[in-house]
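Protein chains: 4
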Amino acid sequence: MALVVEKTSTGREYKVKDMSQADFGRLEIELAEVEMPGLMSCRTEFGPSQPFKGARITGSLHMTIQTAVLIETLTALGAEVRWCSCNIFSTQDHAAAVIARDSAAVFAWKGETLQEYWWCTERSLDWGPDGGPDLIVDDGGDVTLLIHEGVKAEEEYEKTGKFPDPTSTDNPEFQIVLTIIKDGLKENPKKYTQMKNRIVGVSEETTTGVKRLYQMEQTGTLLFPAINVNDSVTKSKFDNLYGCRHSLPDGLMRATDVMIAGKVAVVCGYGDVGKGCASALKQAGARVIVTEIDPICALQALMEGLQVLTLEDAISEADIFVTTTGNKDIIMVSDMKKMKNNAIVCNIGHFDNEIDMNGLETYPGVKRITIKPQTDRWVFPETKTGIIVLAEGRLMNLGCATGHPSFVMSCSFTNQVIAQLELWNEKTSGKYEKKVYVLPKHLDEKVALLHLGKLGANLTRLSKDQADYISVPVDGPYKPAHYRY
Amino acid sequence: MALVVEKTSTGREYKVKDMSQADFGRLEIELAEVEMPGLMSCRTEFGPSQPFKGARITGSLHMTIQTAVLIETLTALGAEVRWCSCNIFSTQDHAAAVIARDSAAVFAWKGETLQEYWWCTERSLDWGPDGGPDLIVDDGGDVTLLIHEGVKAEEEYEKTGKFPDPTSTDNPEFQIVLTIIKDGLKENPKKYTQMKNRIVGVSEETTTGVKRLYQMEQTGTLLFPAINVNDSVTKSKFDNLYGCRHSLPDGLMRATDVMIAGKVAVVCGYGDVGKGCASALKQAGARVIVTEIDPICALQALMEGLQVLTLEDAISEADIFVTTTGNKDIIMVSDMKKMKNNAIVCNIGHFDNEIDMNGLETYPGVKRITIKPQTDRWVFPETKTGIIVLAEGRLMNLGCATGHPSFVMSCSFTNQVIAQLELWNEKTSGKYEKKVYVLPKHLDEKVALLHLGKLGANLTRLSKDQADYISVPVDGPYKPAHYRY
Amino acid sequence: MALVVEKTSTGREYKVKDMSQADFGRLEIELAEVEMPGLMSCRTEFGPSQPFKGARITGSLHMTIQTAVLIETLTALGAEVRWCSCNIFSTQDHAAAVIARDSAAVFAWKGETLQEYWWCTERSLDWGPDGGPDLIVDDGGDVTLLIHEGVKAEEEYEKTGKFPDPTSTDNPEFQIVLTIIKDGLKENPKKYTQMKNRIVGVSEETTTGVKRLYQMEQTGTLLFPAINVNDSVTKSKFDNLYGCRHSLPDGLMRATDVMIAGKVAVVCGYGDVGKGCASALKQAGARVIVTEIDPICALQALMEGLQVLTLEDAISEADIFVTTTGNKDIIMVSDMKKMKNNAIVCNIGHFDNEIDMNGLETYPGVKRITIKPQTDRWVFPETKTGIIVLAEGRLMNLGCATGHPSFVMSCSFTNQVIAQLELWNEKTSGKYEKKVYVLPKHLDEKVALLHLGKLGANLTRLSKDQADYISVPVDGPYKPAHYRY
Amino acid sequence: MALVVEKTSTGREYKVKDMSQADFGRLEIELAEVEMPGLMSCRTEFGPSQPFKGARITGSLHMTIQTAVLIETLTALGAEVRWCSCNIFSTQDHAAAVIARDSAAVFAWKGETLQEYWWCTERSLDWGPDGGPDLIVDDGGDVTLLIHEGVKAEEEYEKTGKFPDPTSTDNPEFQIVLTIIKDGLKENPKKYTQMKNRIVGVSEETTTGVKRLYQMEQTGTLLFPAINVNDSVTKSKFDNLYGCRHSLPDGLMRATDVMIAGKVAVVCGYGDVGKGCASALKQAGARVIVTEIDPICALQALMEGLQVLTLEDAISEADIFVTTTGNKDIIMVSDMKKMKNNAIVCNIGHFDNEIDMNGLETYPGVKRITIKPQTDRWVFPETKTGIIVLAEGRLMNLGCATGHPSFVMSCSFTNQVIAQLELWNEKTSGKYEKKVYVLPKHLDEKVALLHLGKLGANLTRLSKDQADYISVPVDGPYKPAHYRY
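Protein chains in written order, with the working numbering: chain A, 1 to 485; chain B, 1 to 485; chain C, 1 to 485; chain D, 1 to 485.
Keep in mind the hints are simulated off the structure, nothing from the lab. A couple of the hints might just be wrong.
Put simply, identical chains are the same to the list, so a pair is met inside one copy or across any two.
To be verified - For lysine-lysine, the following DSS-like pairs were computed, each having C-alpha atoms within a straight-line distance of at most 30 Å:
| hint | residue 1 | residue 2 |
| --- | --- | --- |
| 1 | LYS441 | LYS479 |
| 2 | LYS441 | LYS211 |
| 3 | LYS372 | LYS17 |
| 4 | LYS479 | LYS211 |
| 5 | LYS435 | LYS479 |
Keep in mind that this is a model prediction, so the values were computed, not measured.
Starting from the given sequences, assemble the full structure and let the hints guide the process.
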């Protein structure tokens, strides 16, 4: 795609695949709004006072319909927004189109190259000559990374006059990042430094991004406050447990149409994602075997009537294999060779290295037969039997289905809105230093509260006397920080 | 589509939408075969002896991938086969293509007109000048109907010289049937009579078809023996209960992506289909309310922790409504008006008249917004709120998902193969009169048996002593006819 | 116990263990009444018209609190009642006491000898010099047996002058029966013949009794009409499936206090009882393995995610073994020797011969350690490890817990009341011949209906139009006879 | 009971109800050992090295069979032990008898008066003239309280010469405590001070005790290190969630025999205890309504398909009410009056003040009918209808059943053993200050590990490479402190 910024009739910049899909996007946004009560309640509660008046927000997060509802919540609260996706495949083009047309500057399309991806990221930060965003919504930390690397390079340049050297790294993606920074440096040697000075803070969506932030906090290199949205209860439990419980069978059924009842399924890992997956498979009538390294999680699996075995124990017996670990090398090609014909292998954990895709692709004589996009049968030459790999080993709920449903994302994204509000409201109070914070529990509870009405729930209210008896405020927070839910 | 029969290079007739989809069809057949152990076992067990050698089979049954595996099982056992679909929408064009290319004479495509539908049906019976099929596989009874009406008309014609009069009926579909018969009569006044004389019997797949057969049996007008496959345990329980338990959530998720957990779902009817649906929704985290007319089924629902209310009780509280009754007028437009905004309304029971589609379509000022094919939002003028109707009120698991999974269809279709074998093997023995029979229980048990190995089951074997103790043969049948499973 | 009939102050006969428990019995009856809405509704509906006015009912059925509510329903409808238990262990002495004191002639106590048991049975038929009962409520058929054997002996005596010879049989129980008949014959050579002439019919509670009745029907020896209550849906499904789902874990917990979660449980047999047991164990967090001889039931188990193996496959892995088959020799002593230390072995199927108690008791060197009544540890000499056998291999839900809960028994017993009413109302109409009948479906439905209100259910009502559409009456019956529920 | 210490033939002191129950106690211990693999593994792993050689342990914890296995694990590791119960009702007399006879000095019986209770507690600390215990196992903190109050009084006495004044408090129990201390002070004015000086630390079992410890830590009055066993994952989740999931239905069934299926159950509170209860009730076929004050827990309930209402909303509809909150005044007498006849009301949370027992007992004209011990029907004068209260509002799983099963207690108690070992091994290292500590996560994981083998689990082992990838040691701990499981 020609990397040229386009403009709407009102002059707002954008770059999306197909503006004609905007109407379809609007229809789907309207459906999603009904399923995202947390975000809609934020509009009702905060909209009138326009708390983000004057705030510029840059977001880098999968440009989907649900994200569109998030963006329009931010703008409804007064913010000006620029957005890119945090993944080259995850944009829904109709969502990008309608937001570009109606609400914010969007630079995203499904199937970007890495070059295009970083061009879009750069655009999301391009608030014109006089600087960058006030606030960042990040997912995976790429925007945060770019700014931190940019500032580092500018400091080095100021000290030594040296430009960053893209050839100094083998990582092709990081070469692109360094090139962008180098080019920026030539234009404006204070570009990222000015940006950093303006930034009030970032709220980060995922484990990966949060991990990077804590590392920067520990090394003292974090340039602005960060809120770890990922570890809110209403984010982590809902996204991982309930989200995957929904989207794992959805992905399996769309990709393979296979009957789950009666099958033997192996779930590798019994953290929140694994718990959601195992529950969904058991409910659908599969017999579920769990593999675990952590004896506590293993004992939890046993308490639910699940068998705990090693992958090796179950390899030749199972019909469905799901990795949920966040670790690598969980299912190797040597394992896949031992599986039953047409065993299904998929990953809903983290990166595609949970499954040894490289080993599979380079296996001598292996034959790949694409049944349909995201559903491949790989046939081994020795046995002529094959296995079915979903989404090329990447997240199968995104690749084969539509990811988490709107209601789950409403929980996540309401945390985002509240985190952004918290950062913005406290921008001058000094409450937040250059550290990583989780949302205070009463805000986590507030996120939950905003989702109860939609589901017809009536909450009980503590009397003052009862609240005193258990030493909590009448309005919460109700639990100590270490409470496990 | 021009109604012209085409021929393969080997001279076999066909009419399908797109022959180029045959390869894709073959891929999907290969996947399905692994999930259809009953049919594959029939090939192994009976293939070598070619029991259908010399038998002509005409089938009228949804021309899907699963049906393709059925057809190729029949041909693997020696039969010659001609096929049409029993529904204008249900053909999978890649399945039709590959069967037409490789295995049988197929006349079917997705989206036939009624005229085209009956042309295809006629072709499936067109075995050339010297008569019709030996055996019929029917689903809904349209082929059986055509032959019976044909014979009736020929008898009338022989007696009175009168042709059937298409204008004698208001039913547009029956007008087509009469026209076909009339045209046939002009060519050959014994066409259907000759056909009837050759036919050994029919095996019928569904409730509707079975109902017609019993009516003909009672009125003494049934022209050949019929086996009621529908009421085999391995058909009815598996198709209705386990099939819908799988395909209801599949359809909901594909059509709407809505989170099922936390929602209130109303399941109208708690027969086998309703039991499967309620179970699936409960497992997915919905709160399920059942409506029932039958106090026994209602009590069963209560024993599973489900609430039993009238539709009226639940109408304004529920998020999802599913009809499973096989009756009509279950959810009327006056009900729909009272529902919450974006309540989902769908039918997995029988005909689209379970939902008052006519009332909805003709409601003054109602607005239909098609979100995507098979997913419509209908907005009422008074409230500006809307409901979401799936598959235009027709079977949502077919319209929004891919119907029952292969494993379930393997149970159904193994019953078909065994019923066809039984009819053919006993064609001269006089075992079957012009009546409707259910498969003997030991054959029903055999169908189940053929599916156990795939799921890794080991069956226990009665000793002679034990068998005598409970007065059953060592090899079954194990249960009395009235046993309820 | 001295076998002497006692009399209440009102002159009613009885023989129970301890009259002082009557007050406690009344308290428990009052609790049970709230849980037995079907019986209480019968009192409300039929009580005023006293339909049983003048009817003498003899019952032989476990003399428990629930049976007490049945008896007082019969008397509330006008009947005069005499009662014994149908099992030497099953009487609840406080239930016997209160009924003896307040409502009917009872002859029953916990722990009868066989001699005592048949004495009680005889008393229940002893309506004085001028004959026997009008109606019989039977469970297992012992009263029916006694009368049939009595009549047979009297006919033989009339023909040949020969008395029955108790030494003609090896069966010690049948020796007692013959002795009773012989003694009766000496007193009154037409005793049972007169009785038979008066009897309107019997309603039979269980499989065993029903089996005997059908055999008598087939051999033409049945002396009066019989209603098979056992095969009402509201009896068989509720008693077997829901009853055992409740009482299996209850018995396990009371007997052993063992944690079910995390354990491996083998359920032998997957009929209704097995389905209830497997469901309960799975819900409680066990991993359940099913053994089956019937491929259909096996496939049903697989569809619920249960593993189907042979006992041998699972013998050394499982912690809990439950027999539910109704067959014999399911778990042999050779199996028990291979079990893990402290594996629990119990039977909830039928007779204690499902478990090879004889083989266990006679195993050389085996040591029995009674932990508490009904809970024995049996230690094998070779391994010094042991297994825990519940209720000496008899029904563990009766032996270790309190049997089925009142609500389940209300379903069974409402069938009994309605069957008795039907027999009595039709006593002169000729509707019932000397055959075995199941209750007509509309009465089965009525039983269910009477239980809905207690559980807060609202039934939907068919319109006339809808009823016609599916060809059923508006008020039911709603299903064909072969419907499987 | 006469408060006189008795002695075994070996000279060990004790005071129990009935020494003749010792053999029965031994039988039950042998059963329990098989279900307590964590404790038995500790014996195998640590027994040979006798790590507690020379250690005196005083325990105050329900003197049950499971505790007996704990005590004999401590003695198997070399400790000398004195024990009392921490609750006047919770002792199992056969457990006390066998331990007194075989293993440790026990002072406990079922149904102690408060006076007797504190006499027993004092005896458990009476290690003779030269001082007290080295280690304390506490449950609820009464032993810890006695020592702290003792030391406080001795310090006051040393300063002012004043004895503590039992009349200074209205609390009758605290009057007893002060009297004991006063009497001790007269004998030895350094009794508790000497004791304190010897004590290495305490491990505390429950929330209540832990709460007190944290308060003492905060006020700087804690006299020795304390390990909070309660908040180990393997304690809190297993005890609360899995323990109550087992013992709630057990208690309901033993107390009332009521059928759970079909009933409406209200669970007040959806913490771990509430989650376990709601799960058990739902599985058993009840329709479950949850009341909650915390929106996060409420949302979790909704995700499981449970309805969230206030008590008021559900009061007249429900059949079973369970309090699980740890708060007070959850169900008031004004609520109970509105309930259905024979609604069951019980508490499995904490103290009996969750249910307004005082309000009930003092309600004018209310009538209490004891059905059987721990099961009372309370009849209101206005309506003549009644409710059924279990265990007089105290913990129903202890009062009506046998508390948590052995396996759950094995998790708790293995934490205790490991905590005691940790305190003892580090007694001179200075690792533990006068603060409250939770067990380090790798020990929590170890507790889980020791329970896997019994349940047939095979744990997966990380490779070094994988461990590095996710930045954890190969042998754990595997999760960060805040991980929620």
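*Compare the structure with the hints numbered earlier in the document and write down the numbers of the violated ones, lowest to highest.*
No numbers; nothing is violated.
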